[in-house]
Structures are given as C-alpha cells and as structure tokens.
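Novice: Protein chains in written order, with the numbering used here: chain A, 6 to 359; chain B, 6 to 359.
One or more of the hints may lead you astray.
Below, computed lysine to aspartate or glutamate pairings styled on DMTMM-like, alpha-carbon distance capped at 20 Å [as the list claims (entries may be wrong)]:
(1) K126(B) x E78(B)
(2) K126(A) x E138(A)
(3) K242(A) x E225(A)
(4) K192(A) x D244(A)
(5) K242(A) x E301(B)
(6) K92(A) x E78(A)
(7) K242(B) x D20(A)
(8) K92(B) x D27(B)
(9) K242(B) x E301(A)
(10) K242(B) x D19(A)
(11) K196(A) x E225(A)
(12) K359(A) x D244(A)
(13) K196(B) x D244(B)
(14) K126(A) x D163(A)
(15) K242(A) x D297(B)
(16) K242(A) x D296(B)
(17) K356(B) x D289(B)
(18) K79(A) x D20(A)
To be clear about the criterion: a stretch of chain B counts as covered by chain A if any three or more of its residues have a C-beta under 8 Å from a C-beta of chain A, and this derived list gives those stretches [what the hints assert, rightly or not]:
(19) 203-214
(20) 229-240
(21) 263-271
(22) 283-296
Facing chain A, according to a computed beta carbon distance under 8 Å, are these residues of chain B, among others [as the list claims (entries may be wrong)]:
(23) W217
(24) Q220
(25) V226
(26) R274
(27) R315
If you are wondering where the hints come from, they were derived from the structure by calculation, not from laboratory data.
Yeah, the Cβ is synthetic: ideal placement off N, Cα and C, and Gly gets one too.
In case you want the letters, here they are:
Number of protein chains: 2
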Amino acid sequence: MTALPFPFPVVTWDDQEVVLIDQTLLPERLTWRRCGSVTSLCLAIGELAVRGAPAIGVAAGFGLALSWRLAMEKESHITGILARFQKDREQLSATRPTAVNLFWALDRLGSLAEQLVAHGKTADEIAIDLLVEAQAVLDEDVAMCRSLGMHGQQLLPDFATVLTHCNAGGLATGGYGTAVGVVFAAKESGKTISVFADETRPLLQGSRLTAWELQNQGIEVTVICDSAAASIMSQGKVDAVITGADRIAANGDVANKIGTYPLAVLANRHGVPFYVAAPGSTFDAATKTGDDIAIELRDPHEVHEFHGGRATPEGVGAWNPAFDVTPNDLISAIITEHGVVRPPYRENLAKVWK
Amino acid sequence: MTALPFPFPVVTWDDQEVVLIDQTLLPERLTWRRCGSVTSLCLAIGELAVRGAPAIGVAAGFGLALSWRLAMEKESHITGILARFQKDREQLSATRPTAVNLFWALDRLGSLAEQLVAHGKTADEIAIDLLVEAQAVLDEDVAMCRSLGMHGQQLLPDFATVLTHCNAGGLATGGYGTAVGVVFAAKESGKTISVFADETRPLLQGSRLTAWELQNQGIEVTVICDSAAASIMSQGKVDAVITGADRIAANGDVANKIGTYPLAVLANRHGVPFYVAAPGSTFDAATKTGDDIAIELRDPHEVHEFHGGRATPEGVGAWNPAFDVTPNDLISAIITEHGVVRPPYRENLAKVWK
Numbered sequence: 006m007t008a009l010p011f012p013f014p015v016v017t018w019d020d021q022e023v024v025l026i027d028q029t030l031l032p033e034r035l036t037w038r039r040c041g042s043v044t045s046l047c048l049a050i051g052e053l054a055v056r057g058a059p060a061i062g063v064a065a066g067f068g069l070a071l072s073w074r075l076a077m078e079k080e081s082h083i084t085g086i087l088a089r090f091q092k093d094r095e096q097l098s099a100t101r102p103t104a105v106n107l108f109w110a111l112d113r114l115g116s117l118a119e120q121l122v123a124h125g126k127t128a129d130e131i132a133i134d135l136l137v138e139a140q141a142v143l144d145e146d147v148a149m150c151r152s153l154g155m156h157g158q159q160l161l162p163d164f165a166t167v168l169t170h171c172n173a174g175g176l177a178t179g180g181y182g183t184a185v186g187v188v189f190a191a192k193e194s195g196k197t198i199s200v201f202a203d204e205t206r207p208l209l210q211g212s213r214l215t216a217w218e219l220q221n222q223g224i225e226v227t228v229i230c231d232s233a234a235a236s237i238m239s240q241g242k243v244d245a246v247i248t249g250a251d252r253i254a255a256n257g258d259v260a261n262k263i264g265t266y267p268l269a270v271l272a273n274r275h276g277v278p279f280y281v282a283a284p285g286s287t288f289d290a291a292t293k294t295g296d297d298i299a300i301e302l303r304d305p306h307e308v309h310e311f312h313g314g315r316a317t318p319e320g321v322g323a324w325n326p327a328f329d330v331t332p333n334d335l336i337s338a339i340i341t342e343h344g345v346v347r348p349p350y351r352e353n354l355a356k357v358w359k
Numbered sequence: 006m007t008a009l010p011f012p013f014p015v016v017t018w019d020d021q022e023v024v025l026i027d028q029t030l031l032p033e034r035l036t037w038r039r040c041g042s043v044t045s046l047c048l049a050i051g052e053l054a055v056r057g058a059p060a061i062g063v064a065a066g067f068g069l070a071l072s073w074r075l076a077m078e079k080e081s082h083i084t085g086i087l088a089r090f091q092k093d094r095e096q097l098s099a100t101r102p103t104a105v106n107l108f109w110a111l112d113r114l115g116s117l118a119e120q121l122v123a124h125g126k127t128a129d130e131i132a133i134d135l136l137v138e139a140q141a142v143l144d145e146d147v148a149m150c151r152s153l154g155m156h157g158q159q160l161l162p163d164f165a166t167v168l169t170h171c172n173a174g175g176l177a178t179g180g181y182g183t184a185v186g187v188v189f190a191a192k193e194s195g196k197t198i199s200v201f202a203d204e205t206r207p208l209l210q211g212s213r214l215t216a217w218e219l220q221n222q223g224i225e226v227t228v229i230c231d232s233a234a235a236s237i238m239s240q241g242k243v244d245a246v247i248t249g250a251d252r253i254a255a256n257g258d259v260a261n262k263i264g265t266y267p268l269a270v271l272a273n274r275h276g277v278p279f280y281v282a283a284p285g286s287t288f289d290a291a292t293k294t295g296d297d298i299a300i301e302l303r304d305p306h307e308v309h310e311f312h313g314g315r316a317t318p319e320g321v322g323a324w325n326p327a328f329d330v331t332p333n334d335l336i337s338a339i340i341t342e343h344g345v346v347r348p349p350y351r352e353n354l355a356k357v358w359k
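Throw the hints in and build the complete structure from the sequences for me.
Specialist: Structure (structure tokens):
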C-alpha cells in the first residue's frame, strides 16, 4: 500500500474540478472521484463518497467555487452568474440537511460572493476570491485539527496504545482528523503509537475507514468487535480511549456514535482515561445537557443487512440509534483546538469556546 | 412463518436417520438435514449445521445409535459390529474437540454398548437400548432446560423485557434453551415477555438464531447492535439481562461469548439485574477463578469478513477472542436446573452442583 500525502487529500481542487477520495469504495480500492459539476458533487455527497461534517463543509466550499466558474461560461452578466450560483447553493444545501458545517461553509462563500458583487468586483476577480476562500476553509480545518491533535498528544505516554471508535479521522475532516488526529500528532511528535479500532457496527466506519487511514500512514492498528473493547481494557492494554463528538452540550455531556457511552463506562471501570476530541463547531451552548439532545433513529436495515446479506429473519424489528450520550462525569478531558479542557466543563468549555 | 413444535426439534431420530435443523441456513431458510450415515452427521457437526454443546451431545448420541444399526447391516458377528461402532465413535469425537457434551454423550453410549456386549445381549437388543439411551440424552436435556427455565422465570415480572446475548437458546440445546429457555418458560407461565437480542458480532448468533427462534414462537424480539445495549438500559427499558455460560469457575466467575462482560458492567451501572442461566455441565470446580480460564482466540477472518464481503483493509490485523470473563460480583444470580443460586457462589454453587 502506498502511503498518501498527509494530511490526506480528502477533498481537493484540481484543474477546475473538485476531487474526492471515494470513501464508499474504501477499504477495497483507493479511487479518486472527480466532480466537474455541482450536480455530480451533490451526488457524491449524497452517496457518502465524502462524509463527516468537516469534510462535507470543505467539499461544499469548493463546490461553490466551481459553481461560479461554470456559471461564468454560460452567463455574460454578473446577475446571471449570481443567480446560477444561488441555485447551486440551494442544491448543495439539500444534500445532507443535518450537517452543520455544510451550511456554515455555504453561508461563508455565499455571503462573500454577494458582498463582492455588491462591491462591484468583476466575475473574474470573484472567481479567484471564492477559490481562495474555499481553500481557506480546508486549510483552517487542517490547522484546527493539527492544533487539537498537538494538544491532545501531550496526554499520551511515549509508547501508547489508544482505543478509538468510529472514524473521527482524516477522512471525516479536511485530512487530519480529530480523535485519530491526536494519534497522527503523537506520531508526528515522535511517539510510538498503536491503535485498537472498534469496528463500529452497524456501518463499520472503524474497520473500513479508521483502520485504512492508520494503516496508510504506517501506524499499527488492530480491529476488534465493539464487544471486545472491555476485554482489551481489562488486560491493561489500553492507555487511553479517544473518540470524537457529534455534539457537546453546555455541561460537557457528549453525543457521539452509538457505542461511545459504553466505552466511557468501561474505561471508567478500568481506570483508563476517556478523552473526547472535538473542535468548537461541535459545541452547542444552547443545549444544556445530554438529556436535551434528540437521538436520530436510523433505518433498521443497517442492522439487518451487511454486504448485501441479511442477518436477521424477515419481519423481526431492529432498534438502530445513531448516537448515544456520554455523561460528563465519565469524560476525563475534552481535547479542543485551544487546548485540553478539564472539568468542571460548564465553566471551562465556555472559556475556550466563546 | 409457521411455528415449529416446541421444544424445537433441533436433533431428532426419524426412520433410521438423524434429522437436524440446518442452522447454517437460518434465518433465511428452515431446512431439515437428514443424516443417514455417521460420516454425513460428522460433516453436519463440522459445518455447524448443529452447534451448541448440548445440541452436539444429543446429535452424537443419535449418531452412535445410528452407527450400531448400520454396522449390523454389514457385520454378522457382534465383535465386528462393535469394532465398526468404536471406529464411528472416534470419528464423531474428532468433529468438535472442545465440546464437553460431545465426549460425555459418546462415553455414555459407548460404555453402554460395551457393557451390553459384555453381558451377552444380542445385537438387536443393543440397537434398541442404544436408541433409547440416545433419546434419553435428548429428553434429559429438555427436562433440565425446562427446570432451569421455570426456576429462572420466577425472577421476571409479569410484563418483562429481557436483554440477551448470543444464542443460549433452543437451537443450542435439545430444543428448549437456557438463557432463552427462561424466556420460553416465562411465556409458558403466562407472562408477557419481549426481548432485545444483541446481534452478537462477529458470528451474529443473536440476529440469526435467537431472533429466529423467538419470532418462531411468537415472542416479540428486537435486534440491536451490541453497542446499543447501554442506551437501551439507560432508558430503563430492560428488566433483566440473561446470558448463558460456556464455563463457570468455582467462585462463580463466568466465561461466556465475547460481549457478556461489558453487558454485566453496564447492567450493574444501571441497576438492572444480570443473570447467568446455565446447567451443571458448565460448572468446572477445578477452575478456581476466571483468571484460570484460557480464552480461545478465533480466526481474525470472522471480524474481517461477513456475508462474503470484506470490511477491513488487507493486511490489517484483528483480535478476535471467543469469550470474556465476567467476575462474580457483577452477577446477580446464576439460574440452574436445581434452582436460583445467589452469592456467595463458591459455597452455594458447590451445594447445587455436587
């Protein structure tokens, strides 16, 4: 396996196209998916060829830069270009209606375009500014993840074994990762690090994506069934559990991929530190506690089926929550782009994420 | 779906053949596998068409009854019949070298045949006695499971939701089950009962087998990913967790399917009683504590693959322990064929399983 450049080129701009690592084909094949139109990019987002809120945000940014350029080929007046651009913006916003970073990136580039038009910039000038802005969305994400990773890696010993869940990795972000970013940062800092990756049923992001990206960067990784994490901890083989977060409430309760909460309980029992690695975009000060977080129930077919086969009998139900909530008292620290935050979280998170 | 007779006809004798429910084809198809020779029965055991130590024991018993009858067709003298019978016994013993009940059943029928020969019984008389003995192995297993189930169901409220792991069910035994047998006994006792079945990675015995047999008997069952059990418990929806046991140490530590120990930790945290249902054959007085139980590591391919697809990248390792050990202090009670045993287990288990 050839190591890719790192941070991973998860979403990049090349020769007037948005280029993605097609994550639906990993880990079997590393394939580049080139999107030369906004429609093809929307399709790629919808099919989860690119997934993870930060990565989707980056893709959306480049998508709007692309939109402007394509519109310039079809329209001679700036109002016509802007109208096409706004239509593409709507199309992009409909791809993943719950991805916060998607709307954030669309607003950022959308507002910029509107301002530049209002200020009388030419279409050519705006095309350049939008591409620079899209690249900035990517670069800022990488810088933020690297900062988070560098803060987080200080928590690890020189020879460390980390257990992680799902894929809070380079593939979910601009290329560096959050929870897995801490692992990459530890390696960059000269530490010797190995990882146990929960396979993470039902969609197996751990086996498919986390294992792939760690292997790609030459970091030793061992996949385990989610139910084997307790045994590994009881054998004293885990120095730290690190997961990502989908949403962090004001009091530090964390909603993350189903299976995170039991890991926290088990880490607590075995005296293993349990860390959550997440940037400010996941913090929701308006959500007081984890009890206020609605848990998305996903299609039971994700539990029933896998690789085209059916595991459960026809007619049997399945309960398939996407997330669970880990109460703040089980979390040893929250690793952010501004540093490592310790309890009490209500006060200390508000300080770093104003 | 047509309800089968209950206890399930997992292994039966019919018209000079051993007839099995082919568990490799569940839950997609309910198919009967007829074994008219010892070789075909050995093949069925090897392919896991019949699995679960008690069910294998029953199959082995009928296999030796069959062996004697087939040998009678080929040999005119009793020494020739016995020689063929002993050869078949060896063939059967090589199928699943770690299944305790297999050897126990082979010894039981093998010794009986030797004694009857020594006492001058005719081949015809011995053929009948062996079939009666094989049927007794089955009937005793069913009676034992029913007794265990009836003791266990007293622990459940009239409207109960049980969470179980793997398949300690009718299909693993002579047809009634141990952990799932408690559920069947509760239903027989007029209780209203529903079940959450952990899918039980990597081999999915929960989704494939436990869900199938509960559905077949009209008991409401919902499959969950193993990692969702914590969420279900935290919502207060589980009245009891009941699992089987592969081996119970003298102090009450329990080795069982990987994923049992974390369930016990989580049940403990949520104030949900955690019960182990197991017959005396699982008790190993010579094993002092769970620390003395060697954990079988199984083929990593079980984690890598599923339904012919591959989840992990080539070259990535997987750690695949078959069992974990639940310490006795997390176990609310052990449900046995002689009654419900409470701590202290060292004293109280020794009383019921002398």
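Novice: Taking the hints in turn, state whether each one holds.
Specialist: Hints, one by one, checked against the model:
A C-alpha spacing of about 17 Å is found between K126(B) and E78(B), which places the hinted pair at or below 20 Å, so the restraint holds. A threshold of 20 Å between alpha carbons decides the hint, and for K126(A) with E138(A) the separation of about 15 Å falls inside it, so the pair holds. Simply put, K242(A) and E225(A) have alpha-carbon atoms about 14 Å apart, close enough for the 20 Å limit, and the pair holds. A hinted pair counts as satisfied when its Cα atoms are at most 20 Å apart, and K192(A) with D244(A) qualifies at roughly 15 Å.
With a C-alpha separation of about 18 Å, the suggested pair K242(A) and E301(B) falls inside the 20 Å cut-off, and the hint holds. Of the supplied pair hints, the one linking K92(A) and E78(A) holds, its CA atoms being roughly 16 Å apart against a limit of 20 Å. Note on K242(B) and D20(A): the hinted pairing is violated, with a Cα-Cα distance of about 55 Å set against a maximum of 20 Å. For the suggested pair K92(B) and D27(B), the alpha carbons sit about 25 Å apart, so the restraint of at most 20 Å is broken.
Restraint check for K242(B) and E301(A): satisfied, since their Cα atoms lie roughly 18 Å apart, inside the 20 Å limit. A hinted pair counts as satisfied when its Cα atoms are at most 20 Å apart, and K242(B) with D19(A) does not qualify at roughly 52 Å. Annotation: proposed proximity of K196(A) to E225(A) holds, straight-line Cα distance about 12 Å (limit 20 Å). At most 20 Å may separate the alpha-carbon atoms for a hinted pair to count; K359(A) and D244(A) exceed this at roughly 31 Å.
Proximity of K196(B) to D244(B) is assessed by CA-CA distance (about 13 Å); at most 20 Å being required, the pair is judged to hold. A distance of roughly 53 Å separates the Cα atoms of K126(A) and D163(A); the hinted pair therefore is violated under the 20 Å criterion. Restraint check for K242(A) and D297(B): the C-alpha separation of about 19 Å stays at or below 20 Å, so the hint holds. Proposed proximity of K242(A) and D296(B) is supported: the alpha carbons are some 16 Å apart, at most 20 Å.
For the hint linking K356(B) to D289(B), the alpha-carbon distance of about 14 Å falls within 20 Å, and the restraint holds. For the given pair, K79(A) sits about 19 Å from D20(A) by alpha-carbon distance, which is consistent with the 20 Å threshold. Counting residues of the segment 203-214 of chain B whose CB lies closer than 8 Å to any CB of chain A gives 8, which reaches the minimum of 3, so the coverage claim holds. Chain A is given as covering the segment 229-240 of chain B, and this holds because 10 residues of the stretch bring a CB closer than 8 Å to a CB of that chain, at least three being needed.
Given as covered by chain A, the segment 263-271 of chain B passes the check, having 6 residues with a CB less than 8 Å from a CB of that chain where 3 are the minimum. For the segment 283-296 of chain B, the stated coverage by chain A is not satisfied: 0 residues place a CB nearer than 8 Å to a CB of that chain, which falls below the threshold of 3. At a threshold of 8 Å, the smallest CB-CB gap from W217(B) to chain A is about 5 Å, leaving the interface hint in force. The criterion of a C-beta within 8 Å of any C-beta in chain A is met by Q220(B), whose closest approach is roughly 5 Å, and the hint holds.
Nearest Cβ of chain A to the Cβ of V226(B): about 6 Å, under the 8 Å cut. The hint holds. The interface hint given for R274(B) holds, since its Cβ lies 6 Å from the closest Cβ of chain A, which is under the 8 Å cut-off. Taken as an interface hint, R315(B) checks out: its beta carbon lies about 7 Å from the nearest beta carbon of chain A, inside 8 Å.
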